[in-house]
Structures are given as C-alpha cells and as structure tokens.
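Engineer: Residue numbers (the working numbering), protein chains in the order written: chain A, 1 to 503; chain B, 1001 to 1503; chain C, 2001 to 2437; chain D, 3001 to 3437.
No wet-lab data here; the hints were simulated from the structure.
Quick list of simulated restraints, FRET-style, between CB atoms:
| no. | chain 1 | residue 1 | chain 2 | residue 2 | range |
| --- | --- | --- | --- | --- | --- |
| 1 | D | L3278 | B | A1451 | 42 to 48 Å |
| 2 | B | D1264 | D | A3293 | 53 to 59 Å |
| 3 | D | P3051 | C | G2396 | 25 to 31 Å |
| 4 | B | G1454 | C | R2339 | 33 to 39 Å |
Residues from chain D that face chain A, not an exhaustive set, calculated with beta carbons under 8 Å:
| no. | residue |
| --- | --- |
| 5 | Y3010 |
| 6 | L3011 |
| 7 | P3012 |
| 8 | H3013 |
| 9 | A3014 |
| 10 | P3015 |
| 11 | D3054 |
| 12 | A3056 |
| 13 | A3093 |
| 14 | G3098 |
Partner residues are not named here, just some residues of chain A that face chain B (Cβ under 10 Å, in silico):
| no. | residue |
| --- | --- |
| 15 | P57 |
| 16 | R65 |
| 17 | E444 |
All of these numbers come straight from a predicted model, not from anything done at the bench. Every residue, glycine too, gets a C-beta built ideally from N, C-alpha and C.
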Amino acid sequence: MPVPDAPEPLIFERSRPGRRALRLPEIDVPEPSRPEDDLPSGWLRARPPALPEVGEPEVVRHFTRLSRRNFAVDTGMYPLGSCTMKYNPKINDTLAGLDGFAGLHPSAPDALAQGALALLWELEQDLCRLTGMDAFSLQPAAGAHGELVGMLIASAYHRARGDSARRRVVVPDAAHGTNPASAAMAGFEVVEVGTDARGGIDLEQVRAHADGRLAALMLTNPNTLGLFEGEVREVAQVVHQAGGLLYYDGANLNAIVGRARPADMGFDVCHLNLHKTFSTPHGMGGPGAGPVGVTRRLSPYLPGPLVRRRDVPAVAGPRYAWDDPGPESIGRVRALHGNFGVLVRAYAYIRANGGSGLREVSGHAVLAANYLAALLRPWLPASHDRICMHEVVTDGRALAPHGLRALDLCKALLDRGFHAPTMYFPLIVPEALMFEPTETEPREAIEALAAAVGEIVALAERDPEAVRQAPTQTPVGRVDEASAARRPVLRWYPSEGDRAPEG
Amino acid sequence: MPVPDAPEPLIFERSRPGRRALRLPEIDVPEPSRPEDDLPSGWLRARPPALPEVGEPEVVRHFTRLSRRNFAVDTGMYPLGSCTMKYNPKINDTLAGLDGFAGLHPSAPDALAQGALALLWELEQDLCRLTGMDAFSLQPAAGAHGELVGMLIASAYHRARGDSARRRVVVPDAAHGTNPASAAMAGFEVVEVGTDARGGIDLEQVRAHADGRLAALMLTNPNTLGLFEGEVREVAQVVHQAGGLLYYDGANLNAIVGRARPADMGFDVCHLNLHKTFSTPHGMGGPGAGPVGVTRRLSPYLPGPLVRRRDVPAVAGPRYAWDDPGPESIGRVRALHGNFGVLVRAYAYIRANGGSGLREVSGHAVLAANYLAALLRPWLPASHDRICMHEVVTDGRALAPHGLRALDLCKALLDRGFHAPTMYFPLIVPEALMFEPTETEPREAIEALAAAVGEIVALAERDPEAVRQAPTQTPVGRVDEASAARRPVLRWYPSEGDRAPEG
Amino acid sequence: MEELGPRAPYLPHAPGDVAAMLARLGLPDVEALFSELPEDLRLSAPVDLGPALDEASLARRVGQLAGANTAAGLICFAGGGVYDRYLPAVVQALAQRGEFLTAYTPYQPEVSQGTLQVTFEFQTMVSELFGLPVATAGLYDGSTALAEAVLMSRAATGRRGVAFASGVHPQWRAVVETYGQAQGLVALDLDGHADDVAAVVVQQPDYFGRIVDVEALLARRPAGALGVVAVDPSTLGVLEAPGRQGADVVVAEGQPLGLPLAYGGPYLGLMAARDDLLRRLPGRICGQGRDAAGQRAFVLTLQAREQHIRRARATSNVCTNQAWCALAVTIYLSLLGPRGLAELGRLGYARAHYAAGLLTRIPGVRLAIAGAPFFHEFALRVPEAESLQAAMAAAGFLVGPVIDRHTLLIAVTERRDRGEIDGLAAAMGKVLRDAGA
Amino acid sequence: MEELGPRAPYLPHAPGDVAAMLARLGLPDVEALFSELPEDLRLSAPVDLGPALDEASLARRVGQLAGANTAAGLICFAGGGVYDRYLPAVVQALAQRGEFLTAYTPYQPEVSQGTLQVTFEFQTMVSELFGLPVATAGLYDGSTALAEAVLMSRAATGRRGVAFASGVHPQWRAVVETYGQAQGLVALDLDGHADDVAAVVVQQPDYFGRIVDVEALLARRPAGALGVVAVDPSTLGVLEAPGRQGADVVVAEGQPLGLPLAYGGPYLGLMAARDDLLRRLPGRICGQGRDAAGQRAFVLTLQAREQHIRRARATSNVCTNQAWCALAVTIYLSLLGPRGLAELGRLGYARAHYAAGLLTRIPGVRLAIAGAPFFHEFALRVPEAESLQAAMAAAGFLVGPVIDRHTLLIAVTERRDRGEIDGLAAAMGKVLRDAGA
Ligand SMILES: Cc1ncc(COP(=O)(O)O)c(C=O)c1O
Ligand SMILES: Cc1ncc(COP(=O)(O)O)c(C=O)c1O
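Model the full structure from these sequences, guided by the hints.
Structural biologist: And the structure:
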C-alpha cells in the first residue's frame, strides 16, 4: 500500500485570499497605458474571476497528489480495448519538447521552419506507405475529427460529381459511436447493418443498401470485435459498384500495421489514430491526432494547408512549403497546422521502429491478444471462436448466475491493480468485455491479468457480494454515476448553495 | 486511498533472459577492433554481470511504482528537523538541465565556459555577502564535506604558523554527528562540551578548553536545539584569545539568512548547506553542496581551483577563469569543480529571492516554527522555554506514561499523512522530537500537523497499543531495523542462498 | 520465418516468451496469427521506412530537424491568436507526470480521480473566466470549439444562419463554414439582419487586436439568435466576462494560458454556456458525485449527449479530446490566480501600447485601424508586409502573421520586455530605412 | 515595520496568515522573533543581492549564462574520467519525479521504500559490476570514494603508506593526499615496496586510457596491503570485474553510467568491498528486512558505523550523499542490461581504435604511449596541445583535457559516430597543416 494519500481538496478549497504563486515582471515601460484610462468602465472586469489563490508549493503538492489518484500505463496494465494503451516512449516526449518545436510559432515563415515542414512531409510519406493511400492531411486532432473530415470529403466528392442524392452512410451495428456521429455531423443519414455469425459485417445487408443513395460505408478492420473482416474486398466491390466510397476507421490499425494496407483492401479514405498505433500518450483523454489519408481521386478534397516538397537543384536538399489546397478542398477543419506536438511523437515512433519494427508491433499485439484470449477462455469465452486480432471481445455473462454484471468484474479488477477492459462495447455482444493487452505488456502481466479474472470469478461463486462491493482498494469506492447525472454539479462555487455568482 | 500499488518486485525479479530495453547504435567503423582480439582473455569479463534484463516499458513502470512508495516534499509536509525540507522550485531543475550547463564538459577551456564561470563567481559573491566571509570554495559536495574542508583549513592554518600542538577541536554535546566525525577525519582529537540551562553552549566549559591545544571550536547558530546562541561573541572571544578558530556549521542558516551574518558573530570559517537554506532538492539523500567560506586570513588555505574575475578593458564585460590556489592551499578535495548542477539551482534561488526575499525566508521560517511550537505545547513542550528559531526541539516524554516512545508518535504521524520529525536528536534531549516546518508550509498545514499530534496523544491515552502498531496505512508496516542489522542482506542474489556468485 | 525475439525497441519479450506463447496457442509462428487475412492482402516484406534508429540516433535526427526551425530562435512578436507567453516550469514538471500523461479518458472513475478532479477544477475556472455557469472538459482548439458552438446554436434554434461580426479570425470563420456546410449553414454578415439567424459570432479582441464592444454587438442580434463570443482568455483578468455582456456561449483558444506554441498544436478549445444549453453541449463533462461510502467523487456525466451512447444523434462526435492541455491550463491558472491574470493582462497591455507608440513613429508605419482600442496586439500598416517580415527575421525578430500585402500583426506579451521592444522598433526603423534607401 | 505579506516567490502566506500567527504568539511583528539576537548582530536592511527576479526574468538571465557556455555545443571527444555518453530519456523522465527528487535520506523506512529499494538494487548492481559482495549506497564522487577507500585501508591495516600504480588520475591522487595528510598518510609509488603499505591503488583504465593488468599489479603488493582499484564502470561489460582480479576494494566514478557532464557534478562515487570490510565501509548502506507483518521491506542498516551514531569514531563523516545520482545510475543500468553494457563497451572500443588510427595518420600526431592497449580513450602526442585544443574548438570539436604541453586526451564514446570521428580527424589534420604552414 502506498504512502497515505488522503482525499485531495479542490484547489479552490486550498485558496486563501491574498496568496499567490507566480510573480510577473514589473511594468517597465515609461508612462504605461492602463486599460482603465482607455476603455469604458463597462468593458472592464467588474469582479475578478474566482481563480484559486495559492502559493507555488501548494500548486505542486496539489497536482502531484491528484496525479497519484490516477491509474495509467506507467503504473500498471491498461487493457482497455479499442484504445491501444501501449507504452509511450519517453524519448518522444523529450523530442516534442525541444525548443525548435515547442517554441515555433505557427506563423513562422516557411523558410525558417524547414525542420518542422520536413518532419510533416516525411510523416505523410510514412503514413502513405503504411496504408497504401496517396495523400494525407495531418490536421485532424483525433480519430473522430478525422472521420468528420473523411465524411466531408465523401460529401464533396459526390457533390463534385453532381451525385447529390447520395446522402446515406452505412455503418455496422458494431461500429464505434464516433462513426455514426461523424457521418451525421457531416449531414448524412446513417444506416446500420448487422453482423454475421462469424463476427463480420453482414454482406447481404450491405448489398441491400448498395444503391444510388449510398455515399459511403465506414468499416474498421479488424472490426470492433477484434476480428478481421475477411470479406473486405467483397464489401469494397459492392460499395464501389454502387458508386459509394469505402471509409477505413484506422483505430484498429495496430493489429495489421506493417502487414496489410487499407488501400489494398479497397478503402478510399481513412483516418489513423496516432495516439493508438503510433504510441503518442493519451494524456487522460487527449490530445491525439487523426490524420486522414485518401487515394488519388479524393486528394483534391483534402483540407488544407498541405506541405509540399520542392527539389531545388540550386540549394542542397529539398525545400518545403505550405500550400493551399485547390478549389475542391472541403476547406479548413481547424485554425492551424494540426496537433503538431503529437505528430512529432508519432514521427519519432516510426523512425525508432522502422518498417520491420512496426511489423513486429502488430505481430506481438496480435500474439498478446490471442494468448490472453486463450488464458481467459475458462471464464470469459470470446464472443467468436476465431483467431482474434489485437484485441478480444469476451462474453461477460459468466457472472450472471451470481447476479453480477460485467461491470462488477471490472471493478474487482481495479482492486487487483489492473485497469478494466472496455465494458459494454461493442453493443452487440451481451455484457461485452473487450480486452486489448497491446504488444508492450510482458507475458507475465498477461498471465497475471488472466489469473486475476479467474480469482474474481471464483470469488463471485463463493461470495458475490464481495465482488459487488468492489472496488475497495481504490482512491474512492464505486461511484454512483446515475445520481451524479440526475442533479449535475459541474463546477465548484465559492459558497455552498451559491449556484450563480456570475449573474 | 490511492490506486492499489502492490509491493513492487526487485527489478532483478522482473528480469527474464534475453529481454532488453535500450538499443545502441550499430558498430559503424570499418574493420572494427574487438577487445577479444587485442587483450589477454583473462582481462575480459568471464561472466556478464547479472544486471536485469527487462524491456523499457517495465523499467518505466518499475521506477514509477517505486517512486509512489516514497513520501516527499512534493507529496506532503516533511517537518524533519535540521534538514530544512522546504519547497524546491521546479524552475531551478529546469535551469540546471539547460544544455549549456548539463552538456558542459568540465575540461572545457575557460573561454568557452564563461557563463558557468560567471555563475560560480556571482554565487561566491552572494554567499560572501550573506555570511560576511571574504572568500568561498564551492567544491564541497555536502555539509560534512565542507566541515572536513574547514577542519583541514584549520589544521593547515595552525601548521603554517608552526602551531602544531593544536590538535583539539571542541564541539558541543548537542552538535550534529558530522561535526565530531569531520574533526576526527581531519586528524583532530574531539572534545565535547556541555549545554547550559538556557540551551546554549556552556561558556565555562569552553573556557576550560581554551588553551594552546585548541585548534577550533565548531558551532551551529541557531544550534541544534533550534535556539540562538546569544553568547556567540563571547565564545568567539574566548576561542580567539586562546589562538583557536571558530567554525560555523551553516546547516541552520535558514533561521537567520539575510538577517545576521556568521562573520559578524566572530566565525572564521563556515560551510553552508545549499540543499537546505538555498532550497536545492534533497534527492532522497543527496546530492547537496557544502561551500566553505573563510575570512581573509584563511583564504590562502582554500582548496582549489577557484574562479577569478578579470576586468578586461578591451573586451566588453569581465572575463572569468579557473585559477590554482597558492601553495598554502589544503589541496584538492574532489576531482572536479563541485556539484555544479546543485550550484546552479542555489544561484537561481538567490536571484529569485533577492536580499529582501531571503530576509523574508528566515522571518517566515522562524515564525512557522514558533507557531508550531505554540500549537504543540499542550502535548510536546519545547525543550527550552524560549523563542525558538527555525525549528523546535520538543520533549517527547509525554507518551512515556502510556509505555510509548517518541518513535511511536512518529510512526503514527506517518499514518496521518505527515513525515515524522527528526527523532532522538539532539542526543541531549530525552525522547527528542525536532520539528522544522520551514517557511514554505502554509499555515493550515502547520495547524493540521499539531492537530494530528494531539489526536495521537489522545489515542495513546485511550489505546496505546493502536499507536504502537502504527504505521498501518503506509506501503509497509513498521520495519524491524534491529533484525535487519543482525544478519545483513545487502544485495539480491540470482538464486536463493547463493551468497557468492562472484567467487 | 521471422525471428522470434523482437528487434523493435519497445517490445518487452524475450525470444523464449514468444515461443512459449505460440506454443500455448498451438501455432508455429507469429505469421500464423494472420492466416485470416487473405494471402494477397498480406505484405510479404516490411514496409520500407528506412532503418530503425536506436534512441541516440533518433535523438540526433529529430534534434537536427528541430534545430532547422530557425524561427524558434527569434524574439517573438507574432500573434494572430497564438502567443509566446512565458511557460512556468511548474506546468511542465507536473503535467509530464506519467499518471497524467499515460492515462486515458476516465471511464473507470475509481482509478481516475486525478483526471476527473482536474477536469472539474478546469470547468470551474472556465466558468469563472467566461461568466457562464456550465463549462465542458474542452474541445480540439478554439476554432473547432467555435464551430461546435455554432452547430449547437443551429440545433438549439432550428435556424440556419450564422452572422459574423467583422473582425472574426478568418481561419476560425473558415472552420465554422467547413463544419456548417454539411448542415446547410449559411454565413452572413452581422449587419445582414436576416430572420433565420441561429447565432451571432463576435471575437474579442478581434483578429486585428481590437477590443470590441461585445455588449453592443450582441445587442444587435436578431431575436432568438444566440450570442457566441470567441475570446482570448488571457485578457479576462482585465476585460469583462462575455457571459456578463450578453453571451449565451463563449469559446476560446486555450493556448495563451500555459500551452507552448508548438507550431500550431496541440491546443485546446474552451467552452461554456448558459444553463439551459447544458444538454446540447459537445464533448465530455465532469460532474461531482459520491462513492458508495458517500465520499465526494468525480465522474463523467451527462454522457447521454455523447457519441458512445447517442451515436448518430449525439451532440457532437468528439471522443478523444485535449484533456492534457486542459490540465496544463488548470495548473497555469492556479499559478496565476486572479491577481496574476490581471497583471498579465495589464503588462501586455502596457507593453503593446508602448510598442505601438514606438513603431508608429517610424516613417511609413502606422496602425492599420487608427483610433481603435486594442489589447496586446495590433495590426500595423507597413510598406510591404512580406518583405518586412523576412527582413525582420533576419534582424532577429518574428512578426506577423502577414494579413494582407500591407498589413501584419504585432503581438506583445508579458514575455517581451522593454529592451526587446526597443530593439524591435530600432530594427524595423533600420530595415525600412535601408529598404527606402 | 515590515510588510506582513511575503513578496518572496515561494512563501505561501497571505498577509492575514502572518498576522494571525503573530497574534497567536503575542508578537507585534516578524522582527520580534529575532529579539534574542544581539541588536548589533542584526542586519537592519536586506543584503544587497540585486533585485529579486520573477520567474520569466530569472529564466532569461540564467538562460543567457547557459548560452554563454559555447563548449557545450561542440562535438565532444573530451575525456579524463568524464564522458559524453548518450543519456536515455527514460532516466531523466523517471528520476525527475517529485517523490524521488524531493525526498531525503530514508530515516522513516515505512514511507521511503522507493528510495530504499532503489538503493538495494543499486548496491546489487555495483556488487555485480565490481565482483565484490558488499556495496554501499554511494559517495560524493569517484575521487572522494577513492580517498575513503584508502582511509578505510589505513584503518583496517593500521599502516600509513599508500602506493599508487603509475597512471592513477592525478586529481584523484591529489584528493587522496588531501584526505590522507591529516591522518599521516604517506604517498608512495607502487615500486617503492615499503613495508608500511596500507593500500595499493590501481586505476583501470588508467589516466592515459591504458588498460592495465590489474591482476599483475595487485600481485606486486606487499603482504597485508589492500588492493584498491578505481575503475571506469562503463568498461565492465567487457573487462573483468576487479573483484575477480584480486581487488579488496573497488571504487568508481558513476558519471559514465547515465549522469550528465554538468561541468563536473553532481556525480557519484561507487564502492564495493570484501565481506570482512563491511563494518568499516563509509556512508549509507541499505539492507533487506521485514516489516511487522513479515513482508519484505528495506531499511538503512549497519548505522553504527555512521556519524550520527558513532560521531568522532565513525568510519566516515558522510551524511548527505548523492542518492539521486545513484537512482539515475540504477535506471541507466536497468535500461542497458548485461548485453547493453557489453555493447556499449565494444562500440566505444571499436570507435576509439578507429579514431586513433585516423588521428595518428596525421603528420606530427602519434599515440603518447605506443603499443599500450587502450579502451575508449587515449593520450595523443601533438605538437602543441593547448593551441590545438583551442583550434579544434574553433573547428567545432572539444578535445582534452590537455595533460601536458604536448599531450592531450581523446575519448570516443558510443555517442560519437563514424562521421563525427572522420570530421575530427579531418579538422585536426587541417588545423595542424594550417599551423605548420
Ligand atoms: C474503433 C474506434 N473508432 C474511432 C475512434 C475515435 O477516435 P478518437 O477517440 O481519436 O476520436 C475510436 C477511439 O476510441 C475507436 O476505438
Ligand atoms: C546541523 C547539521 N550539521 C551538519 C550537517 C551535515 O550536512 P550534510 O548532510 O550536507 O553533510 C547536517 C545535515 O544533516 C546538519 O543538520
């Protein structure tokens, strides 16, 4: 057990009037202008914001102590399916923090930012090679952002061809929630198709929607069941013949990186989650990066700006520059160049692995998942009895006879020093528990996880209530989400009951 | 309670043959020389050292998890008397890590290290101003190292004057253990003198030793009882009249920094603990820095090299260079220039505070100690009923009626989220508990500490056994130091019982 | 057949581990795990990405790329919505802790109280700054936050128009238009006064650095339209909270509050709104609740808005957000406090006005918009903006962005001291004299 | 009277706190707390140390000092016991954690298991590397560790002489002499063969980079004298452990195992010894024990040797040591493992020999000690060492230290690739040609 860490008060509760941490430079200019002399008083802040007033030692202690109330990849195994919680190399953080990157203003003239531009250009080439796509935009901030961009590209593509009846996007019922949400955000009607007995997309249902209204089909491969869509080329054929586009949700690329390429499968447009396959840290929820790749015919629609390389014979080496996209571009999808700091990390990860390293990454990721699946089988059978890819979705109904849900097993895992798997996703598997060990977990960690599951199942048989009480070893006990949502308390107020000091 | 952290295995226990973390560059030179071709085989390692074989993810997790088993200033209040566990500014770590410092080889030509030299020179000036001394050597690595240097200086001084009968160093019985140890290491005979009723050095006993054998007297002021030695000038007079030198152990300078100067009190030579007063982090036990300052007459004896400043009219600004000390120097006390990274931090701390800031530091340190002393009084009376300085030594016998020792109270404090005070030091106070809150603890932390003591005392009355069982909330329970020392196990061995794989 | 043991840098296995795992599965090699992939989809050889670099070589290679960005070494007076502020060491030291950096979305609140409490504190700070009661955990950046705010207005009002006050950052406006096009959103100018206006968008200070009269601009909005204000949050220790000037939704780019320039990202979109918009807000929201023992605990809440539950009918598609950036902002604002934030604003204000005074004394240089109040940034009318930017870079100063042939922006944060401002003015004077000569 | 609230940067109090605390004490002001200081000892005004700098100004000022150390930007072939190795990012990332950096000596083992376990692991690694069973938690640096080893030999043998093999680092030898002088220690050369020899000191590789025959040198020691070997620990993946070559005590400078150059420190002294010297060892030692529940726990042990218990009769005066540096070394060695350490040695070996080959082809340049085996460093005989060092610096290379008028050291670590070595040789050739011309 660690050093006692009591519940940490809110930083506002540590506040005392008149305390302060950071000092600022003195005003050093002669006859300094003052806002109150120049501006109407109504424009000026009437009451200072109730930010905390604390000393620097307290700030350090507060956030240090808060951090200790988190589970993280750096503290233990985090088999959260679909999220690829692999080890995040420390060197990548160091490199992203170099002055030449962290201190580079986005409006720097291209000539003075050649290193950053070269990095972006090389990264784009790398991603093209790994996916088979012809061009990438590195701007999207996350997977869902990439999906939106992809859907807007699909929309622009059909519009450009005068094909404006195509307002439908098909997604599998097992799809990640961002897929339908992104398609809807791009103005499409979303149609769900089912999953067949082998766990693949139901090809017949796809055929049923393969008509003049089909704009695109979104697929992840391996899919959210962790299974490879073996009929992906048939799907592509059906979609393409109907005039639609095939979108690849690259969230699961970790299973096949360096071994198979979405473009070869027939995908026209894709996003990648650099914070998954390319190991950039998840930062408690972000930032990530969700670059979008397209085949040649879709490249005019990419958002801009884009990095171009020119080989200048006069100069030693190539020159790089930002270029505006053409008139067919969907337009801008964010103010600046992308989550550059994340891109630096992904770039470094690719350089450190090389092509053969990345191939090993997927090999070991899939090996780990299958090994875990085999060890879990006595208690948590896989949803489908096939070789799985980088993750395995299990059926958590084993606990049901004891009146317990998948959630209970998850909470009991927390008590044993593991993060829980993803619960209740995909929606089509009852009591789904989705485990993704990743390639960076040593074998004995995988074995320990399986053993912990076995222990919990045994405990559930003996004493289901003990499992229902879990977790008890965590910073707080089981949190009542429902009641928190019923009467939402979304911020602290200076005094109890004071709900509108802003008014 | 934090996220469950199980006991962490030794890194060796995580080892599996064939695993590895860091990869090295390939050998890239033509026809590479190989040790086995050039050297007798007996010179070559017969069996590789049993270093751990682990992957990088495991290294990160192992040391992250180990860190979580530590208490630190960044996690909570650390009132460890005599050690000045104040807040360590993060900016100082950042600055010490700048490439221009961290990447500077110690044999860089002076002309290419002017920034480092200027910093050292300025730091020396700052310390001179703060102590009243005339010159400093920044080489000593810690307080005790400084003491040894100081004692060697005393020895050289007397020897240079042909005064070689002076082989005696007087220290108070309350002195820190390093004082007698350093004096002995420098070849002196150590004589202890007592402490008077007010908690000061016994002037009569000093007088009794003020003879031709007296080389030096070592004193810290405020002393290890946290009390100011009000008769320090009388002590100085006695020592000086007898031909001895007065040594200032600067470990407690935090009480008076910016308010009083050792040289003004009559001290001839001193060390400072930069890791205390000047807030460099203690790093689990070090590194620190223990610069030694002297008055003019002792400066020829300082160890070298020393930084010199030359004003070169031709160049803009001064030039700095390393200079060898004169022939009277005690010689070298370490291979290179000192714990430079620590010196950078201390320099930054001084610049951030300025003279008035440091004066506030001592003011608030003393205020905090007296406030704590007042709050503790009901349970832990101070050893002497006086205004204390930056720390207060209390008499822990309050618990004795319940069969408990000061140690028990300390362990119970650990359970309440505080580090313990220093126990059983100084040796002259029965069941001594020495509290040093430092100036960087907010008032409510001091109050909470006192309240925790009160709570423990109340518990001791009710249920002494509960206190004797403490701590129970810590990563391990009470450790049996005696049995660990009886059959020392000082390293891990590859296999149980295998005590000499080296043989 | 592949070698069993890994050569890739971050794989923990020894060859024996791989063999044992394969044996348990009854498989001959790793390749066999991919037997479900149609053979012709399987790459037979590794993708050619150049050699794998050991860490030292990697650090050297990437370090060279970093070093080639000479703009990072210039004294930065560039603005345009992104500012070179001083980043306190504490922010990095704390935010880099592995427990923050390598955790993900707090799906398991019991082991994510650190994340959740930070988010709750962040929401409180945003709510305070903006003067609106409900804030979210954040969005990708300021521009996408603005787009989400406009989409939310569209959904809330059922209307299709968005009216932009003049001076909205053109790139932000472009993002709104990209997001909006799919939903049939029509961009209007504020003074079009159309009936079908879902939202009026005001930027404060605006793209040219001008402080605008938010209250007056919002007062001009058609009835029923929402007032959306995009604000530079670093001004809010000095300027009134837009929520108290009539805004229904306020968004901001969080970069000026403790995030590095980083060539454009990762940054952070801040958003707060009126209470009645709560269930329309995009992205994560953290709430306070209780654990089984009644102890205070934090938890993601109102998730029924979100894509993982509501799917095609979610209020937004956002999943992975910018939580770590929100942490940095929370630490930064904790260090500053209310007084610090006010001082920060006043210092930039004083220095920017001093700089404007010096620069406009240079022949050929004047404020692009004379007489308008500005905060810490202003648009400068100069003879030739591109070439001036290049010449200033050669003299050691980064200015810009260039916004048209004769205009560029100058921003002066608390990080630029008087000596640097004097240097800027002297250099610009010299550059223009030399160009004129 | 002083202002009550602090203006200093790291003091948490508000003015009200100070007033309340003073009120509780019945004191009018902070000044009153110092009434026990004789009035004329009290400074009436702050010491003049220049203005207090805010963090941004501080960072700028100290940054300028760092920037003025142009040697840090050179390609480093300097040696002399300190080597420019690649520092893996993991070392800093982990060692900087506040729980390590801001803890102190583990006096309370129950809340210091992190520190203690690291120390135990460190001791194990040192013991393994050196081939001796008992290692300590570390000393200030290699040179003071050597001095402590010699003092320990003096105490263990009751003898007064210390015999140095040729090639012991002169600065290390000087430190031994400084420490020893007070205890009447007499320095001898190894071949003096005096009776009264407490210790024979051998350095491996020696100051000139030579690999010496430790076994043979130690075999020449007078009976009863202890064999003390100072070793570059980064060679010990390749070279035999001195403990298996007859050494009784082995010490080392830990810098080459993961510590930055840092202009000379903080570094780390490593020490291990024969079992029977255990109770004479200087400084902290960590042992394995049990807690009340019988669980494994670590604890400082054998403290009866130490100053805080034994006072004037302690084995050493060391108190604060270099624990954090030992942590860095422990992490570094964990990353390297046995294979990495061997590769590190072999790589430096190969590159140094390649470099020596190229450099000695330059007219006027030869190995100072021809025919001697060397590891990753060698002494080069050149026309004029000082001026060559300066000229090489101008060409972008740091070489040295200069050890006499015609000799300087060249060290080649795993961090210097072939291109840099070729560059070094080309530059030196040119410099010497130009000087000759
Ligand atoms: C299968 C799948 N698709 C899409 C996404 C969305 O990616 P992001 O969270 O980066 O927006 C996720 C991420 O969780 C995912 O798992
Ligand atoms: C009063 C006193 N003197 C001397 C020392 C020795 O200093 P160091 O630990 O830096 O060697 C200490 C440190 O603990 C001390 O408290």
